[in-house]
Structures are given as structure tokens and as C-alpha cells.
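Could you slot chain Z onto chain H? The hints should help.
Take a look at the letters that make up each chain.
Protein chains: 2
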Amino acid sequence: MEVKGWSRVLCSILFFVAGFLPSEQGRPLSVSKPDPEDASATARWLVSQNSWGVLNTISSDLGGAPFGNVVSFSDGLPNEGRGVPYFYLTTLDPTAKNAMKDERASFTVSEYPIGTCGKIDPENPTCAKITLTGKLKLVDPECEEAEYAKSALFSKHVEMKDWPKGHKFQIYKLEIKNIFLIDWFGGPKPLTLEQYLHPKMNKFNFIG
Amino acid sequence: MEVKGWSRVLCSILFFVAGFLPSEQGRPLSVSKPDPEDASATARWLVSQNSWGVLNTISSDLGGAPFGNVVSFSDGLPNEGRGVPYFYLTTLDPTAKNAMKDERASFTVSEYPIGTCGKIDPENPTCAKITLTGKLKLVDPECEEAEYAKSALFSKHVEMKDWPKGHKFQIYKLEIKNIFLIDWFGGPKPLTLEQYLHPKMNKFNFIG
Numbered sequence: 000m001e002v003k004g005w006s007r008v009l010c011s012i013l014f015f016v017a018g019f020l021p022s023e024q025g026r027p028l029s030v031s032k033p034d035p036e037d038a039s040a041t042a043r044w045l046v047s048q049n050s051w052g053v054l055n056t057i058s059s060d061l062g063g064a065p066f067g068n069v070v071s072f073s074d075g076l077p078n079e080g081r082g083v084p085y086f087y088l089t090t091l092d093p094t095a096k097n098a099m100k101d102e103r104a105s106f107t108v109s110e111y112p113i114g115t116c117g118k119i120d121p122e123n124p125t126c127a128k129i130t131l132t133g134k135l136k137l138v139d140p141e142c143e144e145a146e147y148a149k150s151a152l153f154s155k156h157v158e159m160k161d162w163p164k165g166h167k168f169q170i171y172k173l174e175i176k177n178i179f180l181i182d183w184f185g186g187p188k189p190l191t192l193e194q195y196l197h198p199k200m201n202k203f204n205f206i207g
Numbered sequence: 000m001e002v003k004g005w006s007r008v009l010c011s012i013l014f015f016v017a018g019f020l021p022s023e024q025g026r027p028l029s030v031s032k033p034d035p036e037d038a039s040a041t042a043r044w045l046v047s048q049n050s051w052g053v054l055n056t057i058s059s060d061l062g063g064a065p066f067g068n069v070v071s072f073s074d075g076l077p078n079e080g081r082g083v084p085y086f087y088l089t090t091l092d093p094t095a096k097n098a099m100k101d102e103r104a105s106f107t108v109s110e111y112p113i114g115t116c117g118k119i120d121p122e123n124p125t126c127a128k129i130t131l132t133g134k135l136k137l138v139d140p141e142c143e144e145a146e147y148a149k150s151a152l153f154s155k156h157v158e159m160k161d162w163p164k165g166h167k168f169q170i171y172k173l174e175i176k177n178i179f180l181i182d183w184f185g186g187p188k189p190l191t192l193e194q195y196l197h198p199k200m201n202k203f204n205f206i207g
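As you go down the protein sequences, you meet chains H and Z in turn.
Residue 207, in numbering that gives the first Met the number 0, is where the first sequence stops; the numbers in between run on with no holes.
Residue 207, in numbering that gives the first Met the number 0, is where the second sequence stops; the numbers in between run on with no holes.
It is possible that some hints are incorrect.
[Claimed, not checked] Simulated coverage check for chain H against chain Z, where a stretch passes if three residues somewhere in it have a Cβ under 8 Å from a Cβ of chain Z:
1) 36-48
2) 63-70
3) 93-104
[Said to hold, decoys possible] Below are the EDC-like pairs computed for lysine to aspartate or glutamate, each with C-alpha atoms no more than 16 Å apart in a straight line:
4) H/K118 with Z/E158
5) H/K176 with Z/E158
6) Z/K176 with H/D60
7) Z/K118 with H/D161
Keep in mind that the hints were calculated from the coordinates and are not lab data.
Where a beta carbon is used, it is the ideal one built from N, C-alpha and C, also for glycine.
Same shape as in the complex, but just chain H (with noise of 0.2 Å):
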């Protein structure tokens, strides 16, 4: 029990300096598609506003192949995101399992079905997509962020709290090492992951 609770106290200390902080502290979301010139808002808009995306993981049954996989998720309540998306996975399932013998994973949204798109086509690069590439860990659910995570996930896709307790759904996350964003002509829009957690920094870096 001991042992149990320092280490409570350890990992809410780690989701807090890790840069999960009340999003007070950062730019309020935007609701409505923000300007493609600022580059960490359109990130953080797309990732709040989608409930689902494709999770790539290296599939150890197909001899290494790159394994995209349809999941829902959620970075924070509804328009509250944090910016990591959150991921509710059994073992039954390839993706999970894959990232027990390899963590390297991806995860991949669309503006699309968010609707702002129009008649542009879904590849073209004024509709947005984003790729957040980095590690797909499971989050200790004595940890702090397992109730935050939970919340975020369950508040999003009300029918996971009722899914089957025998499959053992657990919380995972992506720990995001890197970030693609196309939202307009020209490449990739340049965005570390510090511009995107922290949004608010980033307004005076780059407009300020």
C-alpha cells in the first residue's frame, strides 16, 4: 500500500510537470476552424474537434508491417482538449497487443468528417490533417492521469463505460515525439510539440 500510494503520488506529479496543465493556462480552444496560419491552434482545433482517427502501430503478426487501425479517442472533455490523444484498447485487439513488442506508433486525424471541408477534396491540403508520431504507452491506472484519461474518453463515446469488462479495456496514450500538420499549400507547417501542448506560448512566439 505504501509502495501503492508513492507511486500515485509520483505519477500525478509527472502528469502535471509533463506539461498537463489546467487548460486555463493555455489559449481557450477554438471552436470554429481557426486561421491555417497559426499552425498550433489548427493542430489543437482538429484534435479536439474529431472523436475518431486511425492508430498505426508495427504489426508483429504481419512481419513488421506499418498497421493502421480504426479507433475512437479523446484529449480532454469537450473543448477542454489537452492535445494527447487518450485511447480505450484491448489486448484482443492488434493495436494494443502490437505496442507491447513495439511501442512506435502514430495516430492520424482528418478534418473531414469534421465538416469544414466543403467540396475540396479530402487530400487536398487547404482540408487538414494532422500525424502525431511517437510512443503508444498504456497509462498506470493508479495514476492520476488514468481518472483524467477516463473522464476524457467517457465523456466523448458514452457507450465505453459499458463495454465488456472481460475484454479488459485499459487507457492508453500517446506520448507525441513529433508532429505533422498539413492545412494549407507549401508542406508541412512547422510545429514542435512544445508549440503545440502550450498554444498560448506560441501566440507570442510567433505573432507576438
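Coordinates of chain Z only, in the frame set by chain H:
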């Protein structure tokens, strides 16, 4: 010219022998959602009704990470798809560039954007999803298959024909090796490439 002529004949023969027979020889594709028990019909419907998905490659720039990218695609003229996804890609984008170094790829589409999942969550197994795994190959522009693929792509994505010539878009296809289909509870549906490409034979095999 002589060599080019022979090459054209050879690739045309391969195009037909590989199973790309006219769709009249297969069961007509369903426009409405097939019975989930009919795996091949569901898989073909998912692919033919979708216009975009996530194409996954091994990233040479990101240390071998699996890299998903939002792309448009087509497997044939509207409601006449043959199951093989074609793409219009440029090596200015990482996906085609990655495939030049490592052909291993997968392509993932969801039923969710088709609009037939209703209030079901995108991750719920009854909201179907498919991942085709194989090799991402450049289609020889001299081959008859390139003409077919171009019609397939441009009929569903009208703006493609006007995309900048300078970006050197080329036609790629996924040479499918493995099919992962989830369309109901109980895990992925067993579905061979042969059953996927020739759903009529499949009907005899499964139901007849």
C-alpha cells in the same frame, strides 16, 4: 518503342490475370450496407463507398516509425469498384517517399464517414472497419492499369486532374496481401484475398 510496346502488352496481361476482371464477372457491388455475416460483400462495400482513408508506411525520416497519412483513393468507377485501392501521390509528401525505400504499407478505412453507423461509436465493432495490408507500388504509367486507375481516381475526385503538374503526382496501388475486417462482435472476420477480390465465388463457398 519495341520494348515499350511489349512492356505495355505484358503489363496489360498481368493486369487481367491478377484478377482485375470486369466487375460483371463478380457479384454486383452493394450500394446499401451488406449483412455483416457476408464478410467479402461488407469489405468490398466499405472500400467502394469510401473516398478517403489513412495510408500507412514505414517512415524513413522518423526512425522506422509507422506513419499514417490521410489520402484520397478509388477502387474503380462509382459502384463498380474492384477492391484494389489506387492513390494519386507525389514524392513531395512523405508517404510515396517512404514507399520508395520500404514498400510495406497498410490502408485503413472506416464505415463511420459513410454515415451508416448511426449513434454507434466509431470503435464499436458493429461500425465496420477494414485494414488492407500489403505493398505500396507505383503503377507503370505505360500499363493499361494506369488508365483504369486514372479513370477510377478522377471520377471520384474531380479536382485531381487539375493538381499542379510540377508536383509530379503518380498513380500508386496497394498490392494487397492481408485483410483485417471488423464488422461485428467476435473479432476479425476470416477473409482471404481471393474471397475479397471475387465475392461471387465467395458466395458459393460460404452459403451455397
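For each hint, the structure was consulted:
1. 36-48: violated (count 0)
2. 63-70: holds (count 8)
3. 93-104: holds (count 3)
4. H/K118 with Z/E158: It holds: about 10 Å lies between the C-alpha atoms, which stays within 16 Å.
5. H/K176 with Z/E158: Not OK: H/K176 and Z/E158 at ~34 Å, beyond 16 Å, violated.
6. Z/K176 with H/D60: 13 Å, holds
7. Z/K118 with H/D161: The hint holds at about 15 Å.
The structure shown violates the earlier hints numbered 1 and 5.
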